[in-house]
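Protein chains: 2
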Amino acid sequence: MDTTSYRKHIEKRIPITDEEFNTLLTLVKPLSLKKKEALVHAGELCEYQGYIVKGCMRSYLTDQKGTEHVIQFGFEDWYIGDMMSFLTGKPADYTVEALENCELIVFHRNQADELYEKLPGMERYFRIMIQNAFIAMQARLISTMSQSAEQRYLALLEKFPKIELQIAQHHIASYLGITPEALSRIRRKLVQK
Amino acid sequence: MDTTSYRKHIEKRIPITDEEFNTLLTLVKPLSLKKKEALVHAGELCEYQGYIVKGCMRSYLTDQKGTEHVIQFGFEDWYIGDMMSFLTGKPADYTVEALENCELIVFHRNQADELYEKLPGMERYFRIMIQNAFIAMQARLISTMSQSAEQRYLALLEKFPKIELQIAQHHIASYLGITPEALSRIRRKLVQK
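Chains as they are written, first to last, in the working numbering: chain H, 1 to 193; chain X, 1 to 193.
Since the hints were derived computationally from the structure, they do not count as laboratory data.
Values in this document were obtained by computation on a predicted structure and should not be read as measured data.
Among the hints, erroneous ones may be present.
Which copy is meant is left open, because identical chains are indistinguishable; a pair holds if it fits in one copy or across any two.
BS3-like mimics (lysine-lysine), calculated; alpha carbons at most 27 Å apart, straight line [stated by the list, open to error]:
#, residue 1, residue 2
1, K65, K193
2, K36, K193
3, K29, K8
4, K34, K193
5, K162, K193
6, K189, K54
7, K12, K118
8, K162, K29
9, K162, K65
10, K12, K35
11, K35, K193
12, K29, K159
13, K65, K54
14, K118, K36
15, K12, K34
16, K193, K54
17, K8, K189
18, K12, K193
19, K162, K118
20, K65, K29
21, K90, K36
22, K12, K189
23, K34, K118
24, K118, K193
25, K90, K189
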């Protein structure tokens, strides 16, 4: 597997020697997902956290009325998974699904203790990763609670300028909590401005 | 300051010697907040994370229409603050306010590097604290997106059976994203069941 970007991702946050990186590679494994295949389904245990080497993914939940709500998109050089389930061992709230053919590097929750024992420096790395996940989640909650759909759409474009090239409109609409028709109206309105 | 519960909170998660705990005490300080005083106001930098020794608090944001949304309550033996701001140095999304006279033990963000250098074991403690904050935030987002107000109210009571003794109804309504009148209707309906 190509581990270049994975190593860079780690080295941006903590120093890691060749020997340590090789030890880390004994604790992770590559995983290929075809389009629409899932890393985890809602209700199951999320055994893996996935680093996305190639492709893009979405996590979503389905409410009691059967409506899907996209929680998060995952792009190359990001982690994805249901962190709550991974950390606590409880069933996942969301399904994490490949939006195109994806290459991941995955880490199993049962190996966390071994990882921290063999590579104590990774405590810091995972603390930083969890911090970032927390910050993204806080931003998501706050925009959901306090911004209009148009504001949320503009913020999404600002954060991911190329998102509309990679992600289908109905998934973006679901992320924004609106119908695809409402998203079309917002886009038309913004084009006319 | 009484540090008994603070030490217990740490010892539940990581081992800590007397010497280490004394070092930690040189890096934190007590803070008393009167009812309605804030640990941080939205728009300011959140310099401190606060461990609540006594009292209860709320964090809330105010949307563009001026409506307050309670994000979280904080009880004794919990941490509170705007973690995004504390971690990133960006302005806080929320105001964190005492709902009654409170005693906190606070930790300044500028001392994080010194803390981890002097007490590497605290990396793990703060990783666990951030994990827990993340899990709470994920649960909050998911209930906001996919549950009815009645379901959210019942879940809140299940998690904090005594909450109505400590927290005013209008704050609970704001947490649930409904008006106090709507909360009264839900309560009447549940009593009649």
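Check your understanding: Within a copy, between copies, both or neither: where do K12 and K189 come within 27 Å Cα-Cα?
Key -> The answer is neither: 41 Å in one copy and 55 Å across copies each exceed 27 Å.
**Study point:** Within, between, both or neither, where K8 and K189 count as close if Cα-Cα is 27 Å or less
**Key:** Answer is neither; intra-copy 41 Å and inter-copy 57 Å both fail.
Practice item. Can you give me the call for K118 and K193, within, between, both or neither, at a CA distance of at most 27 Å? Key: neither (57 Å within a copy, 56 Å between copies)
Point to revise | Copy assignment of K12 with K35, given that the CA separation must stay at most 27 Å | key: Neither: 30 Å inside a copy, 43 Å across copies.
Check your understanding: Within a copy, between copies, both or neither: where do K29 and K159 come within 27 Å Cα-Cα?
Key -> The answer is neither: 30 Å in one copy and 38 Å across copies each exceed 27 Å.
Review point. What label fits K65 with K54 when the C-alpha limit is 27 Å: within, between, both, or neither?
Key: Classified as neither: same-chain Cα gap 33 Å, cross-chain 42 Å, threshold 27 Å.
Check your understanding: Can you tell me if K12 and K118 fall within 27 Å by alpha carbon in one copy, between copies, both or neither?
Key -> Classified as both: same-chain Cα gap 20 Å, cross-chain 23 Å, threshold 27 Å.
**Study point:** Intra- versus inter-subunit Cα pairing at 27 Å for K35 with K193
**Key:** neither (36 Å within a copy, 47 Å between copies)
Check your understanding: For the identical chains here, do K12 and K193 meet the 27 Å Cα criterion within one copy, between copies, both, or neither?
Key -> neither (40 Å within a copy, 57 Å between copies)
Check your understanding: Between copies, within a copy, both or neither: which fits K34 and K118 at Cα up to 27 Å?
Key -> Neither: 33 Å inside a chain and 47 Å across chains, both beyond 27 Å.
Check your understanding: Is it within, between, both, or neither for K162 and K118, if the alpha carbons may be no more than 27 Å apart?
Key -> Classified as neither; 39 Å inside a copy, 43 Å across copies.
Practice item. Tell me, please, which holds for K162 and K29 at an alpha-carbon limit of 27 Å: within, between, both or neither? Key: neither (29 Å within a copy, 46 Å between copies)
Going through the hint list in order, the structure does not satisfy hints 2, 4, 6, 8, 9, 10, 11, 12, 13, 14, 15, 16, 17, 18, 19, 20, 22, 23, 24 and 25.
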